[in-house]
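Per the numbering used here, the very first residue in the sequence shown carries number 58; after that it's consecutive.
Derived by calculation from the structure, the hints in this document are not laboratory data.
Mixed in with the good hints there might be a few duds.
Claimed, not checked - The calculated lysine-lysine pairs, modelled on DSSO-like cross-linking and capped at a C-alpha distance of 30 Å, are:
{"no.": "1", "residue 1": "Lys-232", "residue 2": "Lys-164"}
{"no.": "2", "residue 1": "Lys-321", "residue 2": "Lys-232"}
{"no.": "3", "residue 1": "Lys-321", "residue 2": "Lys-272"}
{"no.": "4", "residue 1": "Lys-189", "residue 2": "Lys-279"}
{"no.": "5", "residue 1": "Lys-189", "residue 2": "Lys-220"}
{"no.": "6", "residue 1": "Lys-321", "residue 2": "Lys-279"}
{"no.": "7", "residue 1": "Lys-272", "residue 2": "Lys-232"}
{"no.": "8", "residue 1": "Lys-189", "residue 2": "Lys-100"}
{"no.": "9", "residue 1": "Lys-272", "residue 2": "Lys-230"}
{"no.": "10", "residue 1": "Lys-272", "residue 2": "Lys-202"}
{"no.": "11", "residue 1": "Lys-321", "residue 2": "Lys-305"}
{"no.": "12", "residue 1": "Lys-230", "residue 2": "Lys-321"}
{"no.": "13", "residue 1": "Lys-257", "residue 2": "Lys-305"}
{"no.": "14", "residue 1": "Lys-202", "residue 2": "Lys-164"}
{"no.": "15", "residue 1": "Lys-97", "residue 2": "Lys-220"}
{"no.": "16", "residue 1": "Lys-232", "residue 2": "Lys-202"}
{"no.": "17", "residue 1": "Lys-257", "residue 2": "Lys-230"}
{"no.": "18", "residue 1": "Lys-97", "residue 2": "Lys-305"}
{"no.": "19", "residue 1": "Lys-257", "residue 2": "Lys-321"}
{"no.": "20", "residue 1": "Lys-230", "residue 2": "Lys-202"}
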Amino acid sequence: MEKILVELIKNYKDNDHSPDDLGLTNGKTGLGLAYFILSKYTKDQAFADKGFDMFDAVTENIAHINEINFSNGLAGIGWVIEWLVQNNFFEANTDEILEDVDNAIYKALMFAPDNNLSLGNGTLGKLLYFFKRMQSINANVNRFKTITHETCLIVLTDELRDKLMGDNGLLKKLKENSIPIDFRFLGHLIAFLSDFLNSKINEPTVETILYETIKVVSEILKAGEQNFKKRETGDFEFLAVCYFIAGKNHAHQYWQEQARNHIKLLNSVKYMSSTNINLIIPQLKIYSLTNQYFPEILNKSDCEELIFKDILGTDSLRSSHIFGNLLPFCNLCDYIDASAISELQLVYY
């Protein structure tokens, strides 16, 4: 794993590529975030300089961004800026920097409700943005701004309730097996709501959504135990770790215990092996996520052999411009078992 880390850092250090897109998943924002985190943990100012170059380009062109979503639009860009300031990567007044972003997302959610609930392209991404903004550390915060952010969070959680638990809601359809399971969305949902619940904003509604979704997640994981397929283990493992995170955030021991049992079973199933970078990256994310929460369970030797045996010594990493998708790293401060951070870790830690 240390070889993987060294190769990835080298890839970024030698990388002079600047994507055309500005967003988080495939653009300058994601690449800039990776550079800042690499700078912090390698103590190499050159990475920070590259990070500032990326964000200078983003701020210069942000007025031309029409998308609101988290993956490639204003919500993701604004969330990253707020995250970087709150984690002391640089100093700034985010109320000033993000004023136009706040206004654009506020208008969008008030006048053009989103039919998509996902983190990347819908309601959950806007929730994540305003929740992070509520946690800002700016001095002399305008009371009206705080009220506006709280109002947005209430509107968005009400929107989640209606679309998840209404007569034709998503949770009902999942129970009836009438639609495919979106493992990523369910995982993001329970992990976020269990954290957001501590804010006490719209608490009865948020708690109801969380508990009803957990019931569905539990049933999905139990049913999955009967017929795991190799190509599906990553999805189930992602959901099981999110189940554990929800239990941890909510101090719910039973959820944590059940999630741990699912992880133990899932790690008795062998990972797929592939030399395709597009298949390796999702496995790398799941490996990283599981390793952070269950280092004592994960069969590291099997994972390393099957997932990473062909990744070094090829041009896969050097030829792939990977942005927020693959970096930042987890556990970089120890340089031990460091691997690419998962999408969920990117959002929460």
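The hints, checked one at a time:
1. Lys-232 with Lys-164: With Cα atoms ~34 Å apart, Lys-232 and Lys-164 exceed 30 Å; violated.
2. Lys-321 with Lys-232: holds, 25 Å
3. Lys-321 with Lys-272: holds, 20 Å
4. Lys-189 with Lys-279: violated, 33 Å
5. Lys-189 with Lys-220: Measuring from Cα to Cα gives roughly 23 Å; hence the hint holds.
6. Lys-321 with Lys-279: With Cα atoms ~13 Å apart, Lys-321 and Lys-279 stay inside 30 Å; holds.
7. Lys-272 with Lys-232: Distance ~10 Å between Lys-272 and Lys-232 Cα, so the pair holds.
8. Lys-189 with Lys-100: holds, 27 Å
9. Lys-272 with Lys-230: holds, 14 Å
10. Lys-272 with Lys-202: violated, 36 Å
11. Lys-321 with Lys-305: With a Cα-Cα distance of about 17 Å, the restraint between Lys-321 and Lys-305 holds, given a limit of 30 Å.
12. Lys-230 with Lys-321: holds, 29 Å
13. Lys-257 with Lys-305: Holds. Lys-257 to Lys-305 sits at ~17 Å (cutoff 30 Å).
14. Lys-202 with Lys-164: Status holds; Cα separation ~14 Å.
15. Lys-97 with Lys-220: violated, 41 Å
16. Lys-232 with Lys-202: violated, 39 Å
17. Lys-257 with Lys-230: Holds. Lys-257 to Lys-230 sits at ~29 Å (cutoff 30 Å).
18. Lys-97 with Lys-305: The given pair, whose Cα atoms are some 28 Å apart, holds under the 30 Å limit.
19. Lys-257 with Lys-321: The given pair, whose Cα atoms are some 34 Å apart, is violated under the 30 Å limit.
20. Lys-230 with Lys-202: It is violated: about 37 Å lies between the C-alpha atoms, which goes past 30 Å.
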